[in-house]
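**Q** Here's the letter readout for the chains.
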Amino acid sequence: MSVLAVVMLIFGSLVIYGGLIYFIYRALKSTVLNNS
Amino acid sequence: MEVDCIAERQFWRSRYAFVMATIGSAVGLGNVWRFPFVCYKNGGGAFLIPYLIALFTTGIPLMILEFSLGHWARGSPPYCFLKANKKFEWIGWFASLAPFVIASYYTVVMAWCFAYMIYSIDLRWGSDANFFFLKHFLNATKGPAEIGSIQIPVLLGLVVVWFSIFVILYKGVSRIGKVVAVTVPLPTILLIILTIRGLTLPGAMEGIDYYLTPDFSKLFHFKVWLSAYAQVFFSLSLAQGILITYASFLRKESDITNNAFIISLADAGTSFLAGFAVFGIVGYLSLMKGIGIENLGLAGPHLTFVTYPTAISLLPFGAWLFGMIFYIALLAFGIDSAFSMIEPLATSINSKWKFSKGKSTAIACALGFLSSLIFVTSSGIYWLDIVDHFVANFCLVLIGLLECISLGYLFDLKKLREHANKVSDITIGRWWDFLIKFVAPLSLLTLLVASVVENISVPYNNYPTWCLLVGGVMPGAMIFIISFIFANR
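Protein sequence lines correspond, in order, to chains V and F. Mapping the first sequence onto the numbering used here, position 24 (from 1) lands on 985, and the numbers just tick up by one. Mapping the second sequence onto the numbering used here, position 311 (from 1) lands on 760, and the numbers just tick up by one.
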């Protein structure tokens, strides 16, 4: 794999999966909304 | 049960059920057979930049808009638009009928997947998957003008698919919640298995290179940005009444904004992952056959029913198993999207004419099944191509545009923003109004104009004009007219 492909892999993973984990974390942390 | 605009109002059992159902609706066959190819065609890894910008500036804001409308008005799409303005009910009908048309051919592709899942047992496509698919399985005619006969294996698969949709939907959202608890995680796990298998094959890294090596010069091409906005728009189940319907089943104190972020990123994450499953195995096929990757079918039915089976046949061991895994994953991805396309119409019939949920679902499924029959004929693949092209590029984009204009300019958008903020963990500011009023409609209008110009200059795929009128223009015009008739009854 080329270096640039690896860079884009890391970039895509960080934004998409990092973002997803962050918002799931916020949902789990939310006290008001867990039951709805 | 609470009685309101929907005869028997039900609620999601949990936030998890709603999020899973909406992810299931958004994630479908397109994530596997469209995104990786679009990404590769439009600059590889560099495409992620316009794609993510489109996701955050149009996809997520529109999702928040539809969730807010459904949750605020708490009813079927026509009812929600009616509540916003008495003159808007037809937009809700238009949004409910468009996915119904999509479901009529989407279920046929699922029927193909169902047949191929069985064919995987003995790798029935043999050494020439292209011949098997077009001549043996579909018995395809030379063009859409030559209708041909109904293909029994496809018809049997279609009966199974429509029956499954009916069984899942007729009891309402409580059953949907139970189904998606399986059908959303399962294909994701299967996709991970396929990705790992693909990446461990020789030649896989060359495939991934094709997928991800960025060509930043493409970022200066207008078409690449257009493709990014189109990909986001078509992938998130926007403008189909689905998100409005699903949000209407949320309880009063349910989050909107954070859910929209989770669902959109889960959809993007599945697409991104699918690229590895596709390009890993395509790289292997390219190495084994000595054919350049660019010369292999990398998208749509060709990828799914020709390229992928060919690659599966060449696997050193467990070929049948990976074939089954692939088609089961597609079926599981597809079924959530398929029933979500029927739910808006079933809910709208239920709401407007006070039929029971079972009866309105039966009506929608029976009409859907009958509409699917043309795609089961030997010319079905051509009609499917025509209807898909026109409904997606014109009807859905037009509905998205109508939503932005009706709710952004002819309704107090602030009301929906305040409603979303009242119940959500993450609050949205005036920037959201700006995105709904200017960025989203501008991107959709550009998509619409580009499609019109493209289709006027060159007839789509060189099909005869009458076929384009019958298969492309007529369904769109019919649902447009029916929307007005239903709204005025």
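Careful, some of the hints might be misleading.
[As the list claims (entries may be wrong)] Mimicking BS3-like on lysine-lysine, the simulated pairs with C-alpha atoms at most 30 angstroms apart in a straight line are: (1) F:Lys535 to F:Lys808; (2) F:Lys701 to F:Lys803; (3) F:Lys620 to F:Lys808; (4) F:Lys806 to F:Lys532; (5) V:Lys990 to F:Lys864; (6) V:Lys990 to F:Lys701; (7) F:Lys886 to F:Lys532; (8) F:Lys584 to V:Lys990; (9) F:Lys584 to F:Lys806; (10) V:Lys990 to F:Lys871; (11) V:Lys990 to F:Lys627; (12) F:Lys864 to F:Lys803; (13) F:Lys627 to F:Lys871; (14) F:Lys871 to F:Lys886; (15) F:Lys863 to F:Lys535.
Don't read these hints as lab results, they were simulated from the structure.
**Q** A separate judgement is required for each hint: does it hold in the structure or not?
**A** Hint-by-hint comparison with the structure:
1. F:Lys535 to F:Lys808: 27 angstroms, holds
2. F:Lys701 to F:Lys803: Between F:Lys701 and F:Lys803 the Cα gap is close to 23 angstroms, so the pair holds against 30 angstroms.
3. F:Lys620 to F:Lys808: 10 angstroms, holds
4. F:Lys806 to F:Lys532: Measuring from Cα to Cα gives roughly 22 angstroms; hence the hint holds.
5. V:Lys990 to F:Lys864: 27 angstroms, holds
6. V:Lys990 to F:Lys701: 19 angstroms, holds
7. F:Lys886 to F:Lys532: Status holds; Cα separation ~20 angstroms.
8. F:Lys584 to V:Lys990: 55 angstroms, violated
9. F:Lys584 to F:Lys806: The given pair, whose Cα atoms are some 41 angstroms apart, is violated under the 30 angstroms limit.
10. V:Lys990 to F:Lys871: Satisfied, since the Cα-Cα distance of roughly 17 angstroms is no more than 30 angstroms.
11. V:Lys990 to F:Lys627: 24 angstroms, holds
12. F:Lys864 to F:Lys803: 29 angstroms, holds
13. F:Lys627 to F:Lys871: Measuring from Cα to Cα gives roughly 29 angstroms; hence the hint holds.
14. F:Lys871 to F:Lys886: 21 angstroms, holds
15. F:Lys863 to F:Lys535: Measuring from Cα to Cα gives roughly 19 angstroms; hence the hint holds.
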